[in-house]
Amino acid sequence: MGDTKISPHSLAELKNTTDDALGNYLRGLKFEQDNTRLDVRLAIGYASVVIAAATFAADYKLGWEATKTWTAVAVVAYALLNGAFTYWMWAVEKGCVFTGVREGNKISVASKTKKHDPTYYLTISSANSGSKQITAPFTTWFTADGYFVAKPFQQWLASSVEAIGNADSKNALRDQRDEIASPSPEVELTPQGNGTADASGTDGKAKGSKRSKRKG
Amino acid sequence: MFSALGNLQPRQLAAQILNFALVLSTAFMLWKGLSVFTNSSSPIVVVLSGSMEPAFQRGDLLFLWNRGQETQVGEIVVYNVRGKDIPIVHRVIRRFGGGSAPLQLLTKGDNNAADDTELYARGQSYLDRSKDVIGSVVGYVPFVGYVTILLSEYPWLKTAMLGFMALTVVLQRE
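So the sequences go chain by chain: A and B. Position 72 of the first sequence, counting from 1, maps to 72 under the UniProt record's numbering, and the rest follow consecutively. Position 150 of the second sequence, counting from 1, maps to 150 under the UniProt record's numbering, and the rest follow consecutively.
So that you can see chain A by itself, here it is in the shape it has in the complex (with noise of 0.2 Å):
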């Protein structure tokens, strides 16, 4: 994640830079994206470039006479395809930002903000848990002067959401997730030791103080 400065008064640039991260760090997680949603709309818009590009070639060879019937016919496919386009952005893609499978698991995150406001609307449809919505503001993961930090970011996003809880255990914060959803068997509390719960088994010591309150 490189350090790239935005201007944290732009929502636009503030939802998009998240939405990079969101993929960035999904499919660091090793979540497979799918990538039928964004192929098609590709295909779609290239197809009418296509068309029109070949339009502007046969009239500068051709001329305009020899041409009409042709340009008649490419202006009405176009429009359709701008047509089938604009509906593929509006009613399919619908904020989708992100559709992937880990583990058979299938989930898709569609983002959203809200003029004036500067909160993070997100939907996580997950074949495994249905749909929830989760919201946080910006300023959770952007510093005062535009800095987008990783950190606060993963762990908002596995503590609040199973799927990537369960992909990376590191950032799911024990006490949000209890919160949240009860433990899965993978993550029992361990009776040994000092009484902190690290489902990965790494050592858990360097999370600090919501750690340390669980006494065994």
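I should point out that these hints are in silico values taken from the structure, not numbers from a laboratory. Among these hints, one or two may not hold up.
What the hints assert, rightly or not - For lysine to any residue, the following SDA-like pairs were computed, each having C-alpha atoms within a straight-line distance of at most 20 Å:
(1) B:Lys131 <-> A:Thr67
(2) A:Lys5 <-> B:Gln172
(3) B:Lys131 <-> B:Ser41
(4) A:Lys112 <-> A:Ser7
(5) A:Lys68 <-> B:Ser136
(6) A:Lys94 <-> B:Arg11
What the hints assert, rightly or not - Listed below are several chain B residues computed to face chain A (Cβ distance under 8 Å; list not exhaustive):
(7) Pro10
(8) Arg11
(9) Leu13
(10) Ala14
(11) Ala15
(12) Leu18
(13) Val23
(14) Thr26
(15) Met29
(16) Lys32
(17) Ser35
(18) Thr38
All residues carry an ideal CB built from backbone N, CA and C; glycine is no exception.
With chain A fixed as given, assemble chain B onto it according to the hints.
Quick look at chain B alone, frame taken from chain A:
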């Protein structure tokens, strides 16, 4: 600014380029659509000279209609001199033929002393309505076309404008 592009996945980069390509192709197809609708190869032209003053000034934008084949004396038509690609906007002062015979027209600029016989190609004394005329003027907007004159007189302006547009659309992700 450009680093934002570097962080994109290849598909997303393709999507951004598509946005720019769509802007260009939609503009072009709208123009062609208007051409088909008016049956004219160039449905909107810019007045380049002052030969039709005071009716039209240099830089006026004219809207053409080419589906009326029975052009009358007094109509203002736009035609291309055979062999040249410069549109001329002048008024019809005489007509010959029409009906079943091919319609032939003689034109003259309002602000010119003589008729257009000297402007036509060598050996040509009249305009052929179906072959030479691009359309008759049905409406106009004053002065707006001056940008086109500037663009053709300073061709680097065209490249600069296109480059600027490309930059804005590809880098913007709203």
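Status of the hints after comparison with the structure:
| no. | hint | in the structure |
| --- | --- | --- |
| 1 | B:Lys131 <-> A:Thr67 | holds (15 Å) |
| 2 | A:Lys5 <-> B:Gln172 | holds (15 Å) |
| 3 | B:Lys131 <-> B:Ser41 | holds (11 Å) |
| 4 | A:Lys112 <-> A:Ser7 | holds (18 Å) |
| 5 | A:Lys68 <-> B:Ser136 | holds (19 Å) |
| 6 | A:Lys94 <-> B:Arg11 | holds (18 Å) |
| 7 | Pro10 | violated (11 Å) |
| 8 | Arg11 | holds (5 Å) |
| 9 | Leu13 | violated (11 Å) |
| 10 | Ala14 | holds (6 Å) |
| 11 | Ala15 | holds (6 Å) |
| 12 | Leu18 | holds (5 Å) |
| 13 | Val23 | violated (10 Å) |
| 14 | Thr26 | holds (7 Å) |
| 15 | Met29 | holds (5 Å) |
| 16 | Lys32 | holds (5 Å) |
| 17 | Ser35 | holds (7 Å) |
| 18 | Thr38 | violated (12 Å) |
Hints 7, 9, 13 and 18, counting from the list given before, are not met by this structure.
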